[in-house]
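Colleague: Residue-level listing of the chains:
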Amino acid sequence: KAGVTQTPRYLIKTRGQQVTLSCSPISGHRSVSWYQQTPGQGLQFLFEYFSETQRNKGNFPGRFSGRQFSNSRSEMNVSTLELGDSALYLCASSLNQGARAGELFFGEGSRLTVL
Amino acid sequence: AQSVTQLGSHVSVSEGALVLLRCNYSSSVPPYLFWYVQYPNQGLQLLLKYTSAATLVKGINGFEAEFKKSETSFHLTKPSAHMSDAAEYFCAVSDVTGGFKTIFGAGTRLFVKA
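The listed protein sequences correspond, in order, to chains Z and U.
1 is the number of the first residue of the first sequence in the numbering used here; add one for each residue after it.
1 is the number of the first residue of the second sequence in the numbering used here; add one for each residue after it.
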């Protein structure tokens, strides 16, 4: 069974650009969550999608957005990139919404560097 | 809102010594609690989870954690550290008030000395 796949693994952008990150969950998983990981802030919750609907949202500005497709694949987009957006972006999938008593399965992440 | 506090950003132990990583949570309702481990350049993987069954939870790789409601704690222990345990460990909480989103602590990096 394939795990959670995130693409691209590494990318470099400049300030003001925008970026789209992709996440393919484990087959059969309907929930996808996104996290931003930085050395100073740890893992910060961005948002969660379940059956193409955003169910939960963290405290990030509107420049951060996401969506989920009918096949459960998810994308997140960051517009007008800032230096502080440099981070490892982790995607996690689970069978049910919100990891209700369950387990999150993480991808290896997309490492974004903003210059 | 639920939250998690991990005491100590870095913990160093000798190989064979007891591992104790501390986690305190804040939740107004019965929580689900988790410990995850992250090895370098990898995503997180679940070590163990508490879901209101037994208060002492056993996980993979010899780790266990005890849920103590009176202390709002969920500390992670392992009797004897191995070099391969060197990694970053995250405590996490999820509950109904937060829509069951999973909130992580800041993490504790474990160093194991030979």
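Just so you know, the hints here were simulated from the structure itself, not pulled from any lab data.
Bear in mind the structure is a predicted one, so any value in this text is a computation, not a measurement.
Please note that a few of the clues may not be correct.
To be verified - Dumping the calculated DSS-like pairs for lysine-lysine here, alpha-carbon to alpha-carbon at most 30 Å:
(1) U:Lys101 x U:Lys58
(2) Z:Lys57 x U:Lys113
(3) U:Lys68 x U:Lys58
(4) U:Lys113 x U:Lys101
(5) U:Lys49 x Z:Lys57
(6) U:Lys113 x U:Lys49
(7) Z:Lys13 x U:Lys69
(8) U:Lys68 x U:Lys101
(9) U:Lys49 x U:Lys69
Said to hold, decoys possible - Not close to chain U: a few residues of chain Z, all C-beta gaps over 10 Å, as computed:
(10) Ala2
(11) Thr14
(12) Gln17
(13) Val19
(14) Leu21
(15) Ser22
(16) His29
(17) Ser33
(18) Tyr35
(19) Asn56
(20) Phe69
(21) Asn77
(22) Ser79
(23) Ser86
Where is the CB? At the ideal position from N, CA and C, for every residue including glycine.
Colleague: Each hint needs a verdict: does it hold in this structure or not?
Modeller: Checked hints:
1. Of the pairs offered as hints, the one joining Lys101 (chain U) and Lys58 (chain U) holds, with about 23 Å between alpha carbons and a cut-off of 30 Å not exceeded.
2. Our distance criterion of 30 Å between C-alpha atoms is broken by Lys57 (chain Z) and Lys113 (chain U), whose separation comes to about 40 Å.
3. Distance hint between Lys68 (chain U) and Lys58 (chain U) is fulfilled; the C-alpha atoms sit about 15 Å from each other, no more than 30 Å.
4. As the CA atoms of Lys113 (chain U) and Lys101 (chain U) are separated by approximately 36 Å, the hinted pair breaks the 30 Å bound.
5. Restraint check for Lys49 (chain U) and Lys57 (chain Z): the C-alpha separation of about 23 Å stays at or below 30 Å, so the hint holds.
6. Between Lys113 (chain U) and Lys49 (chain U) the CA atoms are separated by roughly 27 Å; this keeps the pair inside 30 Å, and the hint holds.
7. This hinted pair does not check out: Lys13 (chain Z) and Lys69 (chain U) have alpha carbons roughly 46 Å apart, beyond 30 Å.
8. Pair hint Lys68 (chain U) plus Lys101 (chain U) holds up; C-alpha atoms about 22 Å apart against a cutoff of 30 Å.
9. Of the pairs offered as hints, the one joining Lys49 (chain U) and Lys69 (chain U) holds, with about 15 Å between alpha carbons and a cut-off of 30 Å not exceeded.
10. Ala2 (chain Z), annotated as away from the interface, keeps every beta carbon of chain U farther than 10 Å; the closest lies near 14 Å.
11. No beta-carbon of chain U is positioned within 10 Å of the beta-carbon of Thr14 (chain Z); the least distance is around 24 Å.
12. Every beta carbon of chain U lies more than 10 Å from that of Gln17 (chain Z), the smallest distance being close to 25 Å; the non-interface claim holds.
13. Against the 10 Å criterion, Val19 (chain Z) stays outside the reach of chain U, whose nearest CB is about 19 Å from its own CB.
14. Taking the minimum C-beta to C-beta distance to chain U, about 14 Å, the non-interface status of Leu21 (chain Z) holds against the 10 Å cut.
15. Residue-level check passed: Ser22 (chain Z) sits 15 Å from the nearest beta carbon of chain U, beyond 10 Å.
16. At the 10 Å boundary, the C-beta of His29 (chain Z) stays outside the reach of chain U, the nearest C-beta of that chain being 14 Å off.
17. Not every CB of chain U lies more than 10 Å from the CB of Ser33 (chain Z), the least distance being 7 Å, so the non-interface label is violated.
18. Under the 10 Å C-beta cut-off, the non-interface status given to Tyr35 (chain Z) relative to chain U is violated; the minimum distance is some 7 Å.
19. Its closest Cβ contact with chain U, about 4 Å, brings Asn56 (chain Z) to no more than 10 Å, contrary to its assignment away from the interface.
20. Phe69 (chain Z), annotated as away from the interface, keeps every beta carbon of chain U farther than 10 Å; the closest lies near 21 Å.
21. Chain U leaves Asn77 (chain Z) outside its interface by the beta-carbon criterion, the shortest separation being 20 Å against a cut-off of 10 Å.
22. Ser79 (chain Z), annotated as away from the interface, keeps every beta carbon of chain U farther than 10 Å; the closest lies near 23 Å.
23. The beta carbon of Ser86 (chain Z) sits about 16 Å from the closest Cβ of chain U, which is more than 10 Å, so the claim that it is off the interface holds.
Against the hints set out earlier in the document, violations occur for numbers 2, 4, 7, 17, 18 and 19.
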